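Chains as they are written, first to last, in my numbering: chain A, 1141 to 1514; chain B, 1141 to 1514; chain C, 1141 to 1514; chain D, 1141 to 1514; chain E, 1141 to 1514.
Don't take every hint at face value.
Identical copies look the same in the list; a pair holds intra-copy or inter-copy alike.
As the list claims (entries may be wrong) - Calculated lysine-lysine pairs in the DSS-like style (CA-CA distance at most 27 Å, straight line):
1) K1246 with K1227
2) K1176 with K1227
3) K1305 with K1227
4) K1495 with K1356
5) K1176 with K1219
In case anyone wonders, no lab produced these hints; they're calculated from the structure. This one's a predicted model, so the numbers in the text were calculated from it and none came from an experiment.
So the chains spell out like this:
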Amino acid sequence: MWLNALGGKSLFKKRHPDVGARPGTLVISEDASQPKIHVMHFTPEELKEEDVTDTEQLRAAYDPNTTTWVDVQGFGDEKMIRRIAEKFAIHPLAIEDIINVPQRPKAETYDDQILIIVRMVNSIGQAEIDIEQVSIVLGKNYVLTFQERYGDVLDPVRRRIRSGKGRIRTEGPDYVAYAIFDTIVDAYYPVLEEIGNYLEDLEITVVENPTPRLLKYLNQVKNRLINLRRAIWPQRQVANSLARDEHPLIDPNVRIYLRDTYDHCVQSAEVVEMYREMVTGLMNMYLASVANRQNEVMKVLTITAAIFIPLTFMAGIYGMNFEYMPELHVPWAYPLIWTTMILMAGGMLFYFYRKGWIWNRDDDEDFPGKDGGP
Amino acid sequence: MWLNALGGKSLFKKRHPDVGARPGTLVISEDASQPKIHVMHFTPEELKEEDVTDTEQLRAAYDPNTTTWVDVQGFGDEKMIRRIAEKFAIHPLAIEDIINVPQRPKAETYDDQILIIVRMVNSIGQAEIDIEQVSIVLGKNYVLTFQERYGDVLDPVRRRIRSGKGRIRTEGPDYVAYAIFDTIVDAYYPVLEEIGNYLEDLEITVVENPTPRLLKYLNQVKNRLINLRRAIWPQRQVANSLARDEHPLIDPNVRIYLRDTYDHCVQSAEVVEMYREMVTGLMNMYLASVANRQNEVMKVLTITAAIFIPLTFMAGIYGMNFEYMPELHVPWAYPLIWTTMILMAGGMLFYFYRKGWIWNRDDDEDFPGKDGGP
Amino acid sequence: MWLNALGGKSLFKKRHPDVGARPGTLVISEDASQPKIHVMHFTPEELKEEDVTDTEQLRAAYDPNTTTWVDVQGFGDEKMIRRIAEKFAIHPLAIEDIINVPQRPKAETYDDQILIIVRMVNSIGQAEIDIEQVSIVLGKNYVLTFQERYGDVLDPVRRRIRSGKGRIRTEGPDYVAYAIFDTIVDAYYPVLEEIGNYLEDLEITVVENPTPRLLKYLNQVKNRLINLRRAIWPQRQVANSLARDEHPLIDPNVRIYLRDTYDHCVQSAEVVEMYREMVTGLMNMYLASVANRQNEVMKVLTITAAIFIPLTFMAGIYGMNFEYMPELHVPWAYPLIWTTMILMAGGMLFYFYRKGWIWNRDDDEDFPGKDGGP
Amino acid sequence: MWLNALGGKSLFKKRHPDVGARPGTLVISEDASQPKIHVMHFTPEELKEEDVTDTEQLRAAYDPNTTTWVDVQGFGDEKMIRRIAEKFAIHPLAIEDIINVPQRPKAETYDDQILIIVRMVNSIGQAEIDIEQVSIVLGKNYVLTFQERYGDVLDPVRRRIRSGKGRIRTEGPDYVAYAIFDTIVDAYYPVLEEIGNYLEDLEITVVENPTPRLLKYLNQVKNRLINLRRAIWPQRQVANSLARDEHPLIDPNVRIYLRDTYDHCVQSAEVVEMYREMVTGLMNMYLASVANRQNEVMKVLTITAAIFIPLTFMAGIYGMNFEYMPELHVPWAYPLIWTTMILMAGGMLFYFYRKGWIWNRDDDEDFPGKDGGP
Amino acid sequence: MWLNALGGKSLFKKRHPDVGARPGTLVISEDASQPKIHVMHFTPEELKEEDVTDTEQLRAAYDPNTTTWVDVQGFGDEKMIRRIAEKFAIHPLAIEDIINVPQRPKAETYDDQILIIVRMVNSIGQAEIDIEQVSIVLGKNYVLTFQERYGDVLDPVRRRIRSGKGRIRTEGPDYVAYAIFDTIVDAYYPVLEEIGNYLEDLEITVVENPTPRLLKYLNQVKNRLINLRRAIWPQRQVANSLARDEHPLIDPNVRIYLRDTYDHCVQSAEVVEMYREMVTGLMNMYLASVANRQNEVMKVLTITAAIFIPLTFMAGIYGMNFEYMPELHVPWAYPLIWTTMILMAGGMLFYFYRKGWIWNRDDDEDFPGKDGGP
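Excised from the complex, chain A in its bound form (with noise of 0.2 Å):
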C-alpha cells in the first residue's frame, strides 16, 4: 500500500521507549544486526585503518595528536554501544537519539561535542526512496559516525582519505564531519533526478491512458515528496546553523564549506517543492481528463439519443393500428416519410457539427500558440 511505499508510518514507527521511561533508555529492536565498528586514524602525513571488535581498543585508538574516525555501522548489541558512548563521554540524551532512529535531523551542543543527525537518501528503483538515519559526533580530535544497518555511502569519504590529496588529512575533523554531511547531502540529487524522470513518465501517461490507477501513483510521489521534505527542511537548518552560528569545534574556514552544504540543502528542498506543485498539476490535468471523457461519453449518448429517438417516433406512429389513417394508403407515403427522416438526422447531424460536437478538427487548428507552441 502506497502508505507503506511512503514510507512516513516506518518512519514513525520509530522505536520510541515506553511511555514515561528513563530518558536514555535504548530500544533495540531484535533483528538488529552486529555492530561493525571502522577506524581511521590519521595525520596529513599517515593513516592507519583497523576494525575494532573489542571495545577496550577505542582508547588507545584516542589519540589527541592524530584525527580519528570511528565508524559504527550496526546496533545489534546494547553493551557495545554504551561501552563506546562512555568510551567517548557521549551525553545518555545523545546516545538515545542516536540508537532510537528515527530522529529529526538536528545539530546539538553537548559540552565539547556537537551531535548531528543527518538523513540519508537511497533510491530503491522506480522512484521509491529508503531514509536512513545517520549519526555524527563531532569531538575535539575525533569524528563518530552511527548508522544501523551497514552500507557503504560514506566510502568516497574514506577514499578521498586513503588518497591523501586535498584538504581532508589536514584540516581535523570538522572538516571530516562536513565531508560527511556533503556525501549524504550530494546523495540527493541523483534521487531527485530519477523522481523528476518518474514524474515525466506520468505526465506523458496522464495524457495518453489517463486510468484511474494514475491517481494512485501520484498520490505516491506526491507523499514520498513529502516525505523528503521533512528529511530535507530540518537538514537545511542544521546546515545553516553550523554554517552561521560560532561552534568552538568547527573552524571559520570549514564554515565557508558548510554554507556550501546549505546552498545544496536548499536547492534540493526547492526541487523538493517544484515536484509537488508538478505533481497537484498532474492531478489536476488528470481530474479535467477524466471530465472531458466522461462528456465524450455523453456526446456519443446524446447524439445517438436526439438522431434516433424522434425517429423511432415517427415510425412508430405510423405503427398504429387505427382504422382511418389515410396516409397509410398512399403510395408515395413510405418514401415521404424516408425523406423527412433523412432530413431530420441530417439536420441533427448539422446542429451537432455546427456546435461543434462532431467532427471538430477546429481543435487542432484554432490555437494560438500552436506552431512552435508556448
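Fit chains B, C, D and E to the known structure of chain A by using the hints.
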C-alpha cells in the same frame, strides 16, 4: 456525530465563568470527582508516600530539605482546592487556569513558581481520542500536579521515583516536572501510531469500496488531527520556552532534557501534519473514484443506448403499416435486416472497444512503473 | 442577503469623513442616540455614582485622589462629545477613532493616555452576530468608555465595583480598564458556543438532507467567522502589547491579568480557526453528497434503460410486418420470447447486483471501523 | 477582455527604459500631456498661489521662510521635468521613479528629501477602477507632487490650505505631505464601497440566475481585488515606515497623524482580503448551483425515461405479430394492460416522490434555522 | 513535453559532481564551448579593450589604477578556467559555483571578493523561456563575469562604457557590477510582457474554444511562472542584501542604485505572482466552461428524450394488436391522438422554456452590470 467525536466542541465548551466575573472565579461542574491527594517526599536516600485527606497535613509536608510532589486528582471540592492554593501561594489566575479546564498549553512564570499547562491524550479505541489537561506547578522544592479526573498516566514517573534509579531522586523538582511533561508528550506516540494504522485501513477501503460514509470517516480523522495539532503546537512552544529561556527554577542540566522533549513535540507535530496531508490525499482519491464510478455507470448507459436505440428504430420502420412498402414482401428482407442489425451492433461494439470503453485490459499493462511499481 | 448577514459590509460602511477632510472631523449619523453619561468615583472605601447631563460637572468629577470611570453611551450630540474630549485632553485623532466607528481594534499611546479600541460581540439569535465598538481611554486616575448605542454589557464590571469585593476598588484605573477589556473578551465565548451548536445542526442536515440552500447557510456561517476573526485577531495583538510592553500607566501586577486576557483571545481565535476548517469540511461533504445523489439518479436511469431498451428492441423485431418471418407462426415462439426476455432482464440485474449498483447492503457492513466506529 | 479590465497588464506595461539603459533614463509616451505647474506658497498668515509656465520662476518660489507646494501634472515635456528636477536637486533615480510610472508604492530617503510614491484609485462606474501614481517629494520646506494626468483629487487639500483652518498652514511641509497621502488613502473607501455593492448584486444573481458569464464577472472582480491589494499592501508599509521610523524631515507630531493613515491602509487591506474571500465563496456557490442544475436536468431525464421506457416495452410486447398470443383475443386484456401501466407509472412516481426527486417541498421546511434564519 | 518546456528539469539536472567528490570539483560537459575572454580596462579618461587567449596576459591586465572587467564566455577548457581562478584568487567553492551551473542566485562574501550569482532570462518565442546563469566576481578594482554560453546580453553595458557617458566610467567596479546586475534584471520585463500577451490570448481561447489542450497550455505557463519565480525570488534577496548590508567593496552611493534594482526585482516578482493567480483563474474558468458544456449536452439529451419518449409510448399503445381496442375504430381517434401528442410536446417545450433550458435570451439581459459592464 463527528462534531462530537471531534472532541472539538467539548474542548471548547470549557467551563468558563460568567461574563465579567472576577478573575480567579472557579467553575466546578456538579459531577466532579472528590479530590484525591497523593504526596511523595523524597531525598536521594529516602522516600515517604502518603495519601492526604486533610489539607492541613500539607503544611507539615512542605519541607525545604526534600523534594515534594503533591498530586491532586479530581476538583470536586472547591474549598479544598482553594486551601491547597493558599498553602502553596498559587496566584488566583494560575488556580483559575488549573481548574477551569481546558486552557491552552502554556508555561507562565509567577513570582516564585512556574505554571505549566499541558494536554494529555488517550486513545479510546478505533482512533478516537480523549484529551485531558494536566497542570504542573513547579516551585522551589516542590511540584504540584492537577488533573480533573482520576488516572494513572503518571504512574511510570512514580515507579521511577520508587525504584530510586536514574537521576529523578537526585535532580530536584525541576527534573520531576520534566519527567512528568516528558511522560505526557511520549503518550502521543502510541496514539499517533493508532491513527496511522486506521488511516491505512481507510486507504485500503478507498481503493476497494469507496462508499459515501468513507468521506465522513475521513472528515472525522481530519477533525481529530486538527484537534491534536491544537494540543501539540502550543506544547511545542512550552517545551521550547522552558528549554531555551533561563528560569531560576530550572537547572541548565534539566534544560538539556527539556530540549529533548521539545524534539519529541516537533516530531509529533510533523507526523500530525503528514497525516493531514495524507487525509487530503485520500479525500481526493475518494472523489476521483466517485467520478470514476459515475463514468462507469455512464458508459454502461451509453453503450446500451447507442447500440439498441438505432436497432429499435430500424425495427420500428418495418413495423409501420404503410400499404406500399415493397421490402415487406421480399423473402430475403427479413434475414437481410437481421444481418444489417448485427453488423451495426458489431460496428458499434468495435467503435467502443477502440475507444477503450469495453474490454480495456490495457489499463493493467501499459503503465510505466508496472513491475516493481513506483 | 448573506452579504448583509455577514455584517461585513456594514462593518466596512464605516462612517468615514469626506475624502481629504481635516483629521479630527467627526461624522455622526442623524439617528444617533443622545449621549448618556454615567460617572463612578471610587476609593477602596467609598463609591459615588452619578448621571451627568452637564459636561461642566465633569471637571469637578476629575479628582486625583479617587479613581473615576466616565461611561458615555450614544454619540448624538457632537458638541457634548467635543467638550468631554476637551475636559480630558483627548487627542483629536483619538476622538475621531472613538466616534467614527468602526475602527480596527488597537491600543495607542498618546502623551498621558492610552486609547484602547475593542470590539464587542452579541448574538442575536440563530448564530447571527452583532459587533459594536467600545473605546477605552485610560488616563492617570480615570477611565473613559465610549459606546455608540446604549447597552448593559459592562454592568458586571459595575456590579463588581459596587460590591466592593475583589481588587477592582483597590487597584486603580488600569485594573478597571483591564476588567472592562476582559469582560468584552469573555463575551465571545457564549457566541462561539452558539455558533458551535449551529454548526452541529448544519452537520446533521448535511448528512440527512443536503439541499442547495445548505451551502448558502454554510457560506453565511463562514462569512460570520471571517468577521469574528477580523475582530479577534487584532484584539489579540492589543492584549499582547498591553501585557508585554511597559506602559507607565499600567502596573506590572495588572499586566499579569492582561496576559490572561491575551490567552482568552488566543483561545477564541483558535476556536474560530477550527470552526472555519469545520465549515470547509462540511462544504466538501455537501459537494460530495451532491455528487453522490447525482450518481444515484444516474444509476436509476442506467438500470432502467439498460434493462428495457434491449427488450423493447426485441419486441420491436417481432412487431415488424415482413411477410416471411417464420418465427411468427411457431406456436412456442411467444413463450420462448418471454423466457428470453426474462433471462436477459435477470442477467442484467445480476450484473448490476455484482457491480454493487443495486441492493448493496455491503455498504453498511464491510467497513473496518464498524463496531465502535472510528 | 478582463485581462485589460484587470488593469494588471497596463499596470505592468510600465514604460520601462530599454534593457541596460543608463539609470535615470526617462521614458515619456508620445501622447503625454503638457506639464501644468501650480505653486502654493504659504505661511500661517499668508497664501500666494500661481500657475508657473517658466521653470525659472521656481527658483524665486523657493523661499526658506514659507512652505511651498509645487504640483506638477502631465509629463509631456522632458526638458521641463529635468529642469524642475535640477531646481530641487532630485536624485536621478528618484526622477526616474517619478516619471516612469507605475512604480511600486514606496518611501525612499535621499540626502535631504523623502520620495513617497503612492497609488491613487478612481472608480470609473460599475466597480471598474483606474489606478494612477502620485509621487510626493518632501524637502526641508517644500513639497512637490507629480501626476501623469490632469486631475483634481488633491483639491480638498488645496481647499484646506486656502481656508486657513486647521493645522495645515501651521505645521509645515511634512504635514502637507501627510495631508496629500491621507487624502489619497481615503479615496479607497468609496471605491471599496462600490465594489461591495457590486458584490452584493452579483450575490443575488448567483442565487437567482447563475449564468456562465457570472463566473467571468466574478473573475473580473477578483482580478481587480488582486490589483487593489497590490496597490494597498506596499502603501501600508510606506505609511508604517513613515510613522514608525525617525526621519529628520518628519516631525514626531506628524508621525502620530501618519499612524492614523497607516490604520486606514490596514483597514482597506482587510476589506480587500474579506472581499476576496467573499468572491471565492460566490464562485463556490456558482459551481455548486451549476452542479445542482445539472442534477435537476438529470432528474427530469431519469424520471421521464424510467417511467416511459418500461411502459413502451409493454406496448411493444403486444405490438408483436406472433400468431399465437392468447392475450390478444381476451376482451379485458386491453383494459387490464392500461391498468397495469397506470399502476406501474404510479409506483415509479411514488418511488421518486419518496426519494425526494419530485414535489419535494420539504426543502423549504425542515431546516433547523428556518425561522429567523441562521 | 511540458516538463521539459518547464525548463525545471533541465534547471535541476545541474551538472553535479559525483556524490562525495572533493569540494571544488568542476564538472564540464563535453560539448561546452571554448572560453572566449574579453577584457576592458578603463579609467574615466581612457578605455582599452582586448580579446585575451593566453591567460598569462591577464596578470598584466590586473592594474590597480584602472577598473578592469574580464568577461569569460564558455567553460570548455577546465585548465584555462582554473588558471583564471588562480590569477584572481577565487575561492575553490566560488569557482565550483560558477562552473557547475545552475546554482541558486546568491551573493556570497569571500575574503576580498563578492560572488554574485544571478539568472538571466531570454524569451525564445511563444512565451517559452530560457534561463542561464551569470556569475559576477567583484574584487577591489576588477569585475569578472562568467557565462556558460556565448551571448550578447551584456552589450548594453559595454556600449555605456564605450560611450563614456554617465557614471559607469567614474564610479569603479562596484558600479559596473551593479550595471551588469541591473541589465540582467531589466531583461525580465520584456519576457513578462510576452507572457502577459500570451495569457491574454489564452484567455480569449478559454472563452471561445475551451479545448482540453488548453489546460495543458495553462499548465505549461504555470510551470514557467514557477520557474521564473524560483529565479526571481532569490535574486530579490541578493539585491536586498547588497543594497542594505555594508560591504567594504560596495560604495554607499552604489547601494542607492542597488536599492533601485531591488525594487525592480520586487516588481517582477509581484507580476509573476499576479500571473500565477490569473492562470489559476483561467483554469477555473476552463473547468467551469467544461462543466457548462456538459450541462448543455445533457440538456439536449434530456429535452429530446423527455419530449419523444412519452410520445413514442403513446404511439406504441395504438400499435398493439389487441382484438378489442374500441378507439382504433373511431374515425376521429387518429386526429385526436395527433392533437394530444402536439399538446404534450408543446407542454414539455413550455415547461423547458420556463425552466430556462431553451431559448433563454435572459442570459444576455438580466445582468446587473450589463451596460458598461463590471
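Outcome of the hint check:
Proximity of K1246 to K1227 under the C-alpha cut-off of 27 Å is restricted to the intra-copy arrangement: shortest distance 23 Å within a copy versus 40 Å between copies. When the C-alpha separation of K1176 and K1227 is checked against a cutoff of 27 Å, the pair qualifies only within one copy, where the shortest distance is 16 Å, while the shortest distance between copies is 47 Å. Taking identical chains as interchangeable, the C-alpha atoms of K1305 and K1227 lie at most 27 Å apart only when they sit on different chains, with a minimum of 22 Å there against 31 Å within one chain. For the homomeric pair K1495 and K1356, the shortest alpha-carbon distance between copies (21 Å) is at most 27 Å, but the shortest distance inside one copy (35 Å) is not.
Taking the shortest Cα distances, K1176 and K1219 sit within 27 Å of each other inside one copy (14 Å), while across copies they are farther apart (43 Å).
In this structure, every one of the numbered hints holds.
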